[in-house]
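**Student:** Residues per chain are reported as follows:
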Amino acid sequence: MEGSVGYDNDLNLRATELRLGLPGTEPVSIVRSNKRSLQQVADDDCGVNGCKSDDQNETAPPPPKAQIVGWPPIRSYRKNNIQTKKNESEGGGIYVKVSMDGAPYLRKIDLKIYSGYPELLQAIENMFKFTIGEYSEREGYKGSDYAPTYEDKDGDWMLVGDVPWEMFITSCKRLRIMKGSEARGLGCGV
Amino acid sequence: MAYSFPDEVLEHVFSFIQSDKDRNAVSLVCKSWYEIERWCRRKVFIGNCYAVSPRMVIRRFPEVRSIKLKGKPHFADFNLVPDGWGGYVLPWIAEMAGAYPWLEEIRLKRMVVTDESLELIAKSFKNFKVLVLFSCEGFSTDGLAAIAASCKNLRELDLRESEVDDLSGHWLAHFPETCTSLVSLNISCLRSDEVSFSALERLVGRCPNLRSLRLNRAVTLDKIANILRRAPQLVDFGTGYYAAELQPDVFSNLAGAFSSCKELKSLSGFWDVVPAYLPALYSICPRLTSLNLSYATIQSPDLIKLVSHCPRLQRLLVLDYVEDSGLEELASSCKDLQELRVFPSDPFGAEPNVSLTEQGLVAVSLGCPKLRSVLYFCRRMSNAALVTIAQNRPNLTRFRLCIIEPKTPDYLTLEPLDVGFGAIVEHCKDLSRLSLSGLLTDHVFEYIGTYGKKLEMLSVAFAGDSDLGLHHVLSGCESLRKLEIRDCPFGDKALLANAAKLETMRSLWMSSCAVSFGACKLLGQKMPKLNVEVIDETEPPDSRPESCPVDKLYIYRSVAGPRFDMPPFVWTMDEAVRILH
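Sequences listed follow chains R and H, in order.
Sequential numbering from 1039 applies to the first sequence in the working numbering.
Sequential numbering from 920 applies to the second sequence in the working numbering.
For the record, the hints were derived by calculation from the structure and aren't laboratory data.
Honestly, I wouldn't trust all of these hints.
Below, a list of computed lysine-lysine pairs in the DSSO-like style, where the Cα atoms sit at most 30 Å apart [claimed, not checked]:
1) 1117/R with 1401/H
2) 1224/H with 1142/H
3) 1401/H with 1440/H
4) 950/H with 962/H
5) 1142/H with 1071/H
6) 950/H with 1048/H
7) 1048/H with 1224/H
8) 1142/H with 1150/R
9) 1440/H with 962/H
10) 1373/H with 1420/H
11) 1420/H with 1401/H
12) 1117/R with 1045/H
13) 1142/H with 1117/R
14) 1217/R with 1167/R
15) 940/H with 1373/H
16) 1420/H with 940/H
17) 987/H with 950/H
18) 1184/H with 1117/R
19) 1117/R with 940/H
20) 1445/H with 1372/H
21) 1135/R with 1142/H
22) 1191/R with 1167/R
23) 1180/R with 1150/R
24) 1142/H with 1146/R
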């Protein structure tokens, strides 16, 4: 029950602050407790047991704005439409070109149909009949001559897998499977 | 006493009584009225498909021609109900296939509809006329092809906001050449580019009674003129993409096609709008009563220009690009406005991207005397603004305000918004639907319990301090039917103290609150006419102490007993079933 006790403590604290001070004073505290609740809510929605201790929440710095499940209350139907517009795509998908060094022609895939990096990389491996190496944050893709890269909104070439999936699909303009020394260069991390 | 009319006379009189409430009242007068009424009831509305079983409905009403069913709880719209929760229509179709061979209309909302269900509909009902699938899912264009091919007298096919597995645009070609009966066709939710346009054109051309046509995104602007010329009798039209390079001949063709539609009153669609093509609508704007621009990313100046041509507008859906200035123009131009919905263009952005504040809503409340229904997303609000709105517009019946950041206080005083929402419920005596947001204490619920006597649906999020809040609502709101709550510190006390109230309501949803598993079990045990269901995707609720809060709770009244189609993450608190589960 610690989850709900934590919640009660939050509210009592805030209530105390309101009673002791005039309305309008200490706005910062209210904001802080907002963020704390959001963090708790975000944790809860990540499937964490409601009875889990929230000690770490108290000591952690205010998190960046966490997206709460189902908030603001907008239907996915509508959310998808906004998303689609931002990606400047046709129909419902996010179509990007995929090129592979040495292959004579490009392919096109819909990033929307994949739920994450493993699925995407599997699909690309199947499409071009090759294997990508093991991904590690430090060393990129090891164990293969190939490295999957993408051009992002700023025009920079990035290694696939570094950023969270949602961020990737909204910023990816096209994919390129690099081969050979160029690929190894990326993997070796500077 | 023997002052009774022959059955046929009573039946004739009853045939003038269409509303469900009145029909229900009629059936309670006496046993013979109950009998006569049940044999001549043609339309049934079931607000919760699990409140009653298909067999029970069929047994009581043997001659039904039209059925409307709702499945998942409203919060399913916001991804709070996990996939596989339920709401399957197949059992209903299967039973009705045998019992209602003359069924003409099926309207479903938030239900899971499979191709198998659609094929069964196509096969079973020879006089089938109306299929409305509102926010449904689980079917593909194959199922639609079956409907198109078999339903010779189909009048309405409306797929609004459903999720369809779009396998092929060619399903439209399955409408036989002999099908000329369509009155309404809404395919706006179809995602693929592949709608068979020539089949669509031919279909539209041979249905002289077509009144409502909503196309999907794939239909490009240049195709609109052709469609409209084939259906100048349209009353309601939904465009596809409303964007193209500006070409004078395309423009004039489009403008001409629109102006030939003398009955056109309602427009929607407008994905990707190029403002330069909006003037093509000017000839019909004076007649427009409903305009849905909620997907149109056009800026305030263009919106203002368009809206100022629509003095008869009653209903407007728009993105917050309209800004306060656009709403001020709306308030001065559209005196017939009854419904306004303003959606956020950037709901997840940390900072406001448009200049839309409480001022816009205040302006509309002041300028539009017929305003009844509001849905408004914004980033700041004040008690003063809410009080002004309430005093300006006591005729409001639906008020849904979403301040995007949870627990946002009054931006002027930094106080909770209790007083503001209190004014809304106090002044708007016919308020039937209310959604709260912003920083709110138990006080707001005290106001709601005291004044919200006509309130039927209440949505609450991130509000309240204690069980007292929930108690105020459950004990005070006499007309309450649907209550949905998320992330509020409401626990066992209020729920158990007001258990009897729950039998007078359709349903209660509580997620991320503080209701314990023990309380749920107790409720399930004491209230056999309630289905108490706990949803937990991580682990069974009885693997933790009884005092632990449950993740999600859905309670609804039912005469059908606990359901048996629950997925593994839904646990019924019905004692008999739970032990076996």
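**Student:** Taken at face value, is the distance from the CA of residue 1071/H to the CA of residue 1142/H at most 30 Å?
**Tutor:** Satisfied, since the Cα-Cα distance of roughly 27 Å is no more than 30 Å.
**Student:** Does residue 950/H pair with residue 1048/H here, judged by a C-alpha cut-off of 30 Å?
**Tutor:** 33 Å, violated
**Student:** Quickly compare the C-alpha distance for residue 950/H and residue 962/H to 30 Å and report which way the hint goes.
**Tutor:** 20 Å, holds
**Student:** Hey, residue 1180/R versus residue 1150/R, does the alpha-carbon distance stay inside 30 Å?
**Tutor:** 27 Å, holds
**Student:** Would you mind confirming whether the straight-line C-alpha gap from residue 1142/H to residue 1150/R stays at or under 30 Å?
**Tutor:** 28 Å, holds
**Student:** Regarding the pair residue 940/H and residue 1373/H, is the alpha-carbon distance no greater than 30 Å?
**Tutor:** Given that 30 Å is the threshold and the Cα spacing comes to 15 Å, the pair holds.
**Student:** Are the Cα atoms of residue 1142/H and residue 1117/R separated by 30 Å or less?
**Tutor:** Holds. Residue 1142/H to residue 1117/R sits at ~27 Å (cutoff 30 Å).
**Student:** Does residue 1048/H pair with residue 1224/H here, judged by a C-alpha cut-off of 30 Å?
**Tutor:** Given that 30 Å is the threshold and the Cα spacing comes to 40 Å, the pair is violated.
**Student:** Take the C-alpha atoms of residue 1445/H and residue 1372/H, compute the straight-line distance between them, and say whether it is at most 30 Å.
**Tutor:** Between residue 1445/H and residue 1372/H the Cα gap is close to 27 Å, so the pair holds against 30 Å.
**Student:** For the pair we were handed, residue 1420/H and residue 1401/H, check the Cα-Cα distance against 30 Å.
**Tutor:** Holds, at about 11 Å.
**Student:** Decide if the proposed pair is consistent with the structure: residue 1117/R and residue 1401/H, CA atoms, cutoff 30 Å inclusive.
**Tutor:** It holds: about 25 Å lies between the C-alpha atoms, which stays within 30 Å.
**Student:** Starting from residue 987/H, check that the Cα of residue 950/H is at most 30 Å away, please.
**Tutor:** 26 Å, holds
Hint compliance for this structure: hints 6, 7, 9, 12 and 19 are not met, and every other hint is.
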